[in-house]
Structure formats: structure tokens, C-alpha cells
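Visitor: With the hints as constraints, model all of the structure from the sequences given.
Going letter by letter, the sequence shown gives residues 1 to 667 in the UniProt record's numbering.
No lab work stands behind these hints: they were computed from the structure.
Heads up, a few of these hints could be off.
What the hints assert, rightly or not - Label-pair restraints from in silico Cβ distances:
1. 552 to 600: 18 to 24 Å
2. 346 to 86: 46 to 52 Å
3. 535 to 374: 53 to 59 Å
4. 313 to 137: 27 to 33 Å
5. 111 to 310: 38 to 44 Å
6. 306 to 346: 41 to 47 Å
7. 292 to 588: 33 to 39 Å
Stated by the list, open to error - In silico PhoX-like pairs for lysine-lysine, Cα to Cα no more than 25 Å straight-line:
8. 341 to 327
9. 347 to 523
10. 563 to 523
11. 338 to 327
12. 279 to 513
13. 523 to 636
14. 652 to 636
15. 347 to 362
16. 427 to 376
17. 362 to 338
We treat Cβ as the ideally placed atom computed from N, Cα and C, and that holds for glycine.
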Amino acid sequence: MFKYIFSDWLGEEQQLPGQGDSVTSKAVKQEADDKEYFIAFARVFSGVVKRGQKIFVLGPKYDPAESLHKLSSQCSATDDLPAVPHMTCCTLENLYLLMGRELEDLEEVPAGNVLGIGGLQDFVLKSATLSTSPACPPFTPLNFEATPIVRVAVEPKHPSDMPQLVRGMKLLNQADPCVQVLIQETGEHVLVTAGEVHLQRCLDDLKERFAKVQISVSAPIIPFRETITRPPKVDMVNEEIGKQQKVAVIHQTKEDQNKIPEGIQVDSDGLVTINTPNKQATLSVRAMPLPEEVTRLLEENSDLIRTMEQLNTSLNEDKKTHEINQKTLDRIKEFKQKLEKSLQGRKWRNAVDQIWSFGPRKCGPNILLHNFEGYKRSVWQCIGKSVKEVGKYRDFDNSIVSGFQLATLSGPMCEEPLMGVCFSVEKWEINKAGDTLSNNRQDSGELDTTEHQQNEDNTLASSCTDEGPSANERQDRNQSGTDSPEKMSRHKGELPLADCYGPFSGQLIATMKEACRYALQAKPQRLMAAMYTCEIMATAEVLGRVYAVLSKREGRVLQEEMKEGTDVFIIKAVLPVAESFGFADEIRKRTSGLASPQLVFSHWEIISSDPFWVPTTEEEYLHFGEKADSENQARKYMNAVRKRKGLYVEEKIVEHAEKQRTLSRNK
1 MFKYIFSDWL GEEQQLPGQG DSVTSKAVKQ EADDKEYFIA FARVFSGVVK RGQKIFVLGP
61 KYDPAESLHK LSSQCSATDD LPAVPHMTCC TLENLYLLMG RELEDLEEVP AGNVLGIGGL
121 QDFVLKSATL STSPACPPFT PLNFEATPIV RVAVEPKHPS DMPQLVRGMK LLNQADPCVQ
181 VLIQETGEHV LVTAGEVHLQ RCLDDLKERF AKVQISVSAP IIPFRETITR PPKVDMVNEE
241 IGKQQKVAVI HQTKEDQNKI PEGIQVDSDG LVTINTPNKQ ATLSVRAMPL PEEVTRLLEE
301 NSDLIRTMEQ LNTSLNEDKK THEINQKTLD RIKEFKQKLE KSLQGRKWRN AVDQIWSFGP
361 RKCGPNILLH NFEGYKRSVW QCIGKSVKEV GKYRDFDNSI VSGFQLATLS GPMCEEPLMG
421 VCFSVEKWEI NKAGDTLSNN RQDSGELDTT EHQQNEDNTL ASSCTDEGPS ANERQDRNQS
481 GTDSPEKMSR HKGELPLADC YGPFSGQLIA TMKEACRYAL QAKPQRLMAA MYTCEIMATA
541 EVLGRVYAVL SKREGRVLQE EMKEGTDVFI IKAVLPVAES FGFADEIRKR TSGLASPQLV
601 FSHWEIISSD PFWVPTTEEE YLHFGEKADS ENQARKYMNA VRKRKGLYVE EKIVEHAEKQ
661 RTLSRNK
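Guide: Right under this line is the structure:
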């Protein structure tokens, strides 16, 4: 019998099988003699698990339908098998009976029992299915209600401790089913947790158990999203905005805030027309807000959109791929039907068939439409007949999509991703010089091959005779003299396009990105905040204090009801994630421990206040003053994010500050 000191930490459910079948497991951390081990917490569904048995470890993404053509259904883990994605083999070293804080060693465990399995930390990340047959379908991992939303950057206080920190973060990721460990493009190591309490627990475990080094932690990074809305119908004092006043407000605020440079045309409806730096292409882009149900639908089907993108990429590159699963095709068709049902109306006519791409990262909640003639590519080509697009737009359409992806990845307000925005490309013109460039791309290969063949013929002729070189040289000189005007004209047509401003494709990417940003700024911009669903249990005497704390932190009460048979009220509210830090401690202090909140990430919500708002009417001047010093919620969040990212923040700074002193109290 082994005596261990267990931690009270359970990881995500893992799955373990017995003989021919499967078992469910959880990663449990334990300590023994200052050494730490991982024990897989498992349940045997059928068969008998024996010590020393060699079995298959099947990950959650393992698909037997795709892997069995490489393997035989009768094969065992002891055979020499080829590499299969999401599958490996291991030997069960130790089997334990969980006896509270102690473990009892076992030789075998029959079906229906719960057990601990040692030695799986190198084979199982968070969850897996163990089976003696590769035909066993894996169990799906558990879906947790608490979604990770709060992130911090972590680094060691001493740079030499970085390997220990990386190892500790791997162990934390394996022990905690809800935490996410990321390495950003900047090289920062980031922890993504479900909330303030979960974050503190993860940091304590990282310092005391897993890494055992001193770490520096950044301030919590709260994610936001940027979007646009329809023009408001009432002003800040809840008075209806007339047509003339609406136009005056829009023009005044946009002229002050956007400062659109010369050469970019913006009409009254928000259509932005912009040229590439070399004036060889013109783009017209319009931004429109998506309906809420469409945004929700895109978020829920992000994995399906990513699958569609992979299929379309393989079709465009003429790669030989396996046949598309019929279930996947049915899901894509159902997704398209739901989009068509949600996007109805005059301005969304044929919008689903014109979808060019999704963004950011080609699977986000934003849409790019092509609304101009001469182009037919669509994201739905994986469920229909793929159209071989040949034309002047075909060579540069990826540049337009790349510019859209960059624009949706970082918005103009505070460089946060966009959400619920539709960009429509209503004009894309390429003049003759641009056509020449695309033709030169296609003809350059032919020129290289013909010149290469001529050089080979010349070398062969020179090797045959001694007198041949002079005649061949004269003939080549004559031919080069006759062909030089064409080559020179081709080079002359290509140099102005790529000499000063770079490649034409790069110019299109930058131009499309700027067009999307200006089209977004031509509409009323809003910030979207991550929201918690807050459930509070409190007695009647502290109900008013709970409401006071919620209103102080920009919360909103949705429902209040009394629990039957008790004097306890259950309050359901929504609270911004940015305002949640210290919320639990404050509400317990204010209510003397009689109220206990529970926070779970729920959704994204548009902040109603305009971050760029300035008073324009007499009533607004009277109510808010000429300066409108009182910061609204959206501006406060926007400036905080811009400061964190090192962006420019428009703030008033006192240039000549003097200390004010009360003369009657000279001390």
C-alpha cells in the first residue's frame, strides 16, 4: 500500500476503457515525498483492465472511420502499427483503488468500477479514451459552463527560470480542465481563466506546485469587440433626433473624429471609394451591421466555417483530397439555409450567395460580400460545382481577402477584433496597366521557357561545329534586336507598378484594409463588452445593498424571485467582465457575508454610449456642459485598452499646474 497526500484538484474528465471497450478518466494531482504525480481518474465501462496490458490511447479528435483504412479492425496494440493521427499506444503500469487519501495497489479491475491509473501523463493531455480495439469511437470531452475569458501574461522574475515556468504551465494545463495556456505572437506566455478566483488559484498553483519559481503577472487583459450600429433615433437627453439635426450631428462628429485624408471619397450613405497608391485599381466598400441572430449563428458554427475554408482551399489548389463526409455536407447546407432565413430584406437580397469570406482568421463573426459584376467565387463551392474563375480579378482576389482579414482582426477604435460587421465590395476596377501586370505574371513563365530552350539550342549547336558560334551569334543578335522593343515595353509596363509602391498585390491588401477601416468609421461605432451572468442569493434585509453594488459596477438586474419555503431571494443580473474584479469581496463586505455571487461568462453586449460623443444640442450643452467632461463607459474602456497597447489617447493635460492652497490654513 502506498500513502499519498492528495490535492483537492480534479482535472477534466478523461476516458479509459477496459478489455475491448472504454473507460472514463480524470487527471488528479497528488504529492508523495515531495514528488508530484498524475493519476488518471477512470471508470471501466466493459471488460477487465489488467496491469501490464498494452492498449490504444484515442484522443477526442480520433475518428475510426478515417483511421481504420490504415489499420485492421483485428489489430492489437502489441503489433507494429503505422502512425495514425490522435492515436498512440501505452502500457498500463499501475492500477489503484482510490481510498480517500490513500491508494491501494490492484492487479485488475472489472467493469463498472472507478479506479486510478498511473503513468499516463505522457500520453493523455486532458481527456482520452483507452481501448484494446482501434475501432472504438472516442468519448467527447465534457463541455464546461464556465468559459475562459480573463487572461494574464506571465513571466519569471529571473530569466533563467523560464524552462521551469514553461514546464509548470504544461503541468497546469494538464491538471486544470478549464484553463488555457497560450503563447502569443509577441512571445508572451498567457493564461486564460474563467474569472478572478480561478485566476488566483491558477497563479498560486503555478508558483507553489508546478513551476515553483517567482513569477511576474500582468494586469488582467479584458477582451473587447468593436462593431457598428444603426444611427440613433434619440440623443443623450432622450429627445428625438430630426433629419436635419441627425445630418448635422453625424457630419460634425465624423469631421472631428475621423479626419479622413484627401483622395478618399465618402458619400452620405457610407460608401468609401479609395485608389491604390499607384492609381491602377479602385475599390468601393460599404460597412453594414449584421443582425444579432446572424452574429450568433456565425459564432456557434465557427468550427464548421473553418472546415469549409479548408475544403475550399484544397479545391482551389486542385489537391486530391478524400471525399467530403455526407454528414459534413448536410451540416453546411443546413447552415446556409439558416443564414438565408436570417438575412432577409431588400438590402440582403442574394447576400448569402455573395459571401466571399468570413473573418477574422477566416472563421469569425464578420462577413465579406462581393457585390460587383464579373466575379463568381463563393464560400459555398464545397457543396456545389466549383467554378474555374479566369479573369482579371482571379490573380488578386486573395489580396482583397487578406486585407479584409487584417481589418477585422484589429478595428480602428482600440485595435480589438470586429464582431457583427458585414463589408460589401461594390466596385473593384483594374485599369489596363493592372491587366498588363496580371498578363505579365502569366507570360513570364513562357518567356523563361522559350529563352531557356534557345540557350540550350545554342549550346548544342556550338558543340557540333567551330564555325557555328559566329553565325549563331549573329542570328541571336538579330533576333534580340528585333525582340528587344517587346521586352522593353513589357518591362516598362511593369516597373511603374512595382518600383515605387511595392508589389501590386501588397498595395491591394493595404488599400482594402484602409477602405474597411474608413467604411467602419463612416458608421456609428460602438464597443462590445464581455458580460457575466451573475446569480446572487441574498436575504431580504441586504437586498438594497446588493442592488447598490450592482449599479455601481454597471450591472443590470434581469430577474428577482424568492425561493419557496425560505427568506432567500435569487437575483439574476448581468455584469461586465471589466467591472467584476473585486466584486465578490465587495458584495460580501457590504452584506456581512449574507450574499454570495456566482459569475459565469454569458455573451457579448453592445455598450450603448458612443465613445466619440460630443454635445451638439442646447439641451445637451445645458445638461453635460460644453466640455462634456464626464467620461462615458465606452470611452473609459476604449482609453484603457489604448493605453495598455501604447496607442495615442486624446486626453487633456495640465500644462502649467499650480498648487492651490487655502489661505486661512497656512501651516
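Visitor: Are the hints correct? Go through all of them and say.
Guide: Hint by hint, here is what the structure shows:
1. A beta carbon spacing of about 21 Å between residue 552 and residue 600 agrees with the range 18 to 24 Å that was offered as a hint.
2. A hinted range of 46 to 52 Å for the beta carbons of residue 346 and residue 86 is consistent with their spacing of about 48 Å.
3. The supplied range of 53 to 59 Å is met by residue 535 and residue 374, whose beta-carbon atoms lie about 55 Å from each other.
4. At roughly 28 Å, the beta carbons of residue 313 and residue 137 sit within the given window of 27 to 33 Å.
5. Remark: the range hint 38 to 44 Å for residue 111 to residue 310 is upheld by a beta-carbon distance near 39 Å.
6. Between residue 306 and residue 346 the Cβ separation comes to about 31 Å, which falls outside the hinted range of 41 to 47 Å.
7. In this structure the hint that residue 292 and residue 588 lie 33 to 39 Å apart at CB holds, the actual value being about 35 Å.
8. The hinted pair formed by residue 341 and residue 327 meets the criterion: a straight-line CA distance of about 21 Å does not exceed 25 Å.
9. Distance restraint check for residue 347 and residue 523: the Cα-Cα separation of roughly 16 Å lies within the 25 Å cut-off, and the hinted pair is therefore satisfied.
10. Only pairs whose Cα atoms come within 25 Å are accepted, and residue 563 paired with residue 523 is rejected, the gap being roughly 46 Å.
11. With a C-alpha separation of about 17 Å, the suggested pairing of residue 338 with residue 327 holds against the 25 Å cut-off.
12. Distance restraint check for residue 279 and residue 513: the Cα-Cα separation of roughly 16 Å lies within the 25 Å cut-off, and the hinted pair is therefore satisfied.
13. Taken as a hint, the residue 523 and residue 636 pair is honoured in the structure, with Cα atoms around 21 Å apart against an allowance of 25 Å.
14. For the suggested pair residue 652 and residue 636, the alpha carbons sit about 14 Å apart, so the restraint of at most 25 Å is met.
15. Among the hinted pairs, residue 347 with residue 362 is consistent with the structure: their alpha-carbon atoms are about 24 Å apart, no more than 25 Å.
16. In summary, the hint linking residue 427 to residue 376 is supported, as the alpha carbons are separated by about 14 Å, within the 25 Å threshold.
17. Distance check on the hinted pair: residue 362 and residue 338 sit about 19 Å apart at the alpha-carbon level, within 25 Å; holds.
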